[in-house]
Amino acid sequence: MNTLIELQSAEVRFGRFQALAGVNLRIAAGESVALVGANGSGKSTLLRLLHGLIQPTAGQLQRDARATQAMLFQRPFMLRTTALNNVALGLWLRGARWADAKTQALAALARVELADKATRAARTLSGGQQQRLALARAWALQPDVLLLDEPTASLDPHAKREVEQLVAEFAAAQDERPVTVIFASHNLGQVKRLASRVIYLELGRVLADLPVKDFFDVERLRATSEAAHFFVKGETL
Amino acid sequence: MSTFSESAATALQLIVSLDPVFLAIVGRSLAVSASACALACGAGLVLGAWLGVARFAGRELILTLLNTLLAIPSVVVGLMVYLLLSHSGPLGSLGWLFNFQAMVLAQAMLVLPVATALTRQAVEDAENNHGEQLRSLGAGTLMRSLLLTWDERYTLLTMLMASFGRAISEVGAVMIVGGNIDGFTRVMTTAIALETSKGDLPLALALGLILLGMVLLLNTLIALVRRWRERVEGGAAAAPASVGVLS
Chain C
1 MNTLIELQSA
11 EVRFGRFQAL
21 AGVNLRIAAG
31 ESVALVGANG
41 SGKSTLLRLL
51 HGLIQPTAGQ
61 LQRDARATQA
71 MLFQRPFMLR
81 TTALNNVALG
91 LWLRGARWAD
101 AKTQALAALA
111 RVELADKATR
121 AARTLSGGQQ
131 QRLALARAWA
141 LQPDVLLLDE
151 PTASLDPHAK
161 REVEQLVAEF
171 AAAQDERPVT
181 VIFASHNLGQ
191 VKRLASRVIY
201 LELGRVLADL
211 PVKDFFDVER
221 LRATSEAAHF
231 FVKGETL
Chain H
238 MSTFSESAAT
248 ALQLIVSLDP
258 VFLAIVGRSL
268 AVSASACALA
278 CGAGLVLGAW
288 LGVARFAGRE
298 LILTLLNTLL
308 AIPSVVVGLM
318 VYLLLSHSGP
328 LGSLGWLFNF
338 QAMVLAQAML
348 VLPVATALTR
358 QAVEDAENNH
368 GEQLRSLGAG
378 TLMRSLLLTW
388 DERYTLLTML
398 MASFGRAISE
408 VGAVMIVGGN
418 IDGFTRVMTT
428 AIALETSKGD
438 LPLALALGLI
448 LLGMVLLLNT
458 LIALVRRWRE
468 RVEGGAAAAP
478 ASVGVLS
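If you read the sequences in order, they're chains C and H. Going letter by letter, the first sequence gives residues 1 to 237 in the numbering used here. Going letter by letter, the second sequence gives residues 238 to 484 in the numbering used here.
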């Protein structure tokens, strides 16, 4: 499959703190990759690196220049304006005319079932609705790669399910284009449901990189990484 | 105590009877401070928004200088503007000294660091919290500074009010560059200082009451903006600056 992002011996340092060390990774079009690991393991840093928000302090990052990206954050930022304007802004910033951006934004809002909230102030929406709004903003951009940083971490179970379902739809159908989804999560159930591949990080290092089936196979995981096995065991207790 | 009561009663009479001298002083004060604020806040918004988002060598030095200027005494600003506008100064040919323009310039210079620093702080906090998401959407430095300034408009509205409070309540700078000329450059604060030294307490007290009233009005407006913002946006607003009577 066509490689969209590749990291070679990538390192990221923030002053003296080494956030990522010696990461080798190749992500192909259409993959659904979950990043798992404890807090501070480097999941968010890796997502930011893959998205181009930070640059590697050593090693190499190569991205397919034709592949567009969008990223969802744990707490989406909405400007003090309507839901519609917030979605249209992303399109406008990427060169669309404002009128066209609003038309496309409305269609994206309909896909996340927020069309009736288009004229509401975005910040008055609930946490789950704001995350769906952020998803609509990403959807409108029609990205080839969607990165999500613990998108359901601060949501209630109902909102969590809604967002998760939308992410699955997003990955499944973008006008028959393969969409690559890369997401960080602590929720192993979610990882099972959404991912085709799982990357386990610890202290900035990739300790396991397995197909989802193998990751949840106790013996295979133990053989690959005792630490990853210990993490999964702890999370599923 | 009786002197105070009598003075207060006379002061209220002056206010209620709309004494023309008294009104002229109040009107001049408002005109000077509003003009100074318009100039300083316009420049302060642009400069502060840029400093809040841009990262460049020497930025820390500029911020240290800016924070130092926040504490500059108004008499020092007055002295600097006096030297600038005096006959032998670089802007002496303008002939602004002891004129309305000199007082506007002095107050604008006094308010500019306040407007810049408050804007910079608001925009920088927003950039630290949300700049990454705007970058992810494709916003560059200029676009982020514009979007975040717009997004922080209610906080910046309180900055405008705080700046006006700083301008209208200062006495040192306008005294030096305006000269406190009766009917020409006399404003509320300089009139209060003069009338108190002459022993004419009623006029000084009336002007003091108006000045306090204005500060009260500004603080009420700030509180109303905050309440309105909470109602419209559903979330708690950051505590805005309040206005106090400064030197």
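For the record, the hints were derived by calculation from the structure and aren't laboratory data. All values derive from a computational prediction rather than experimental measurement. Do not rely on the hints blindly, as some may be mistaken.
If you only want the chain C side, here are some residues facing chain H, beta carbon under 7 angstroms, derived [to be verified]: (1) Leu-53; (2) Ile-54; (3) Leu-61; (4) Phe-73; (5) Gly-90; (6) Arg-94; (7) Trp-98; (8) Lys-102; (9) Leu-106.
Here chain C is said to cover these stretches of chain H; the calculated rule only asks that three of the stretch's residues, wherever they fall, bring their Cβ under 8 angstroms from a Cβ of chain C [said to hold, decoys possible]: (10) 283-289; (11) 370-379.
Ideal placement from N, C-alpha and C gives every residue a C-beta, glycine not left out.
Earlier hints that do not hold, by number = Numbers 2, 3, 7, 8, 9, 10, in rising order.
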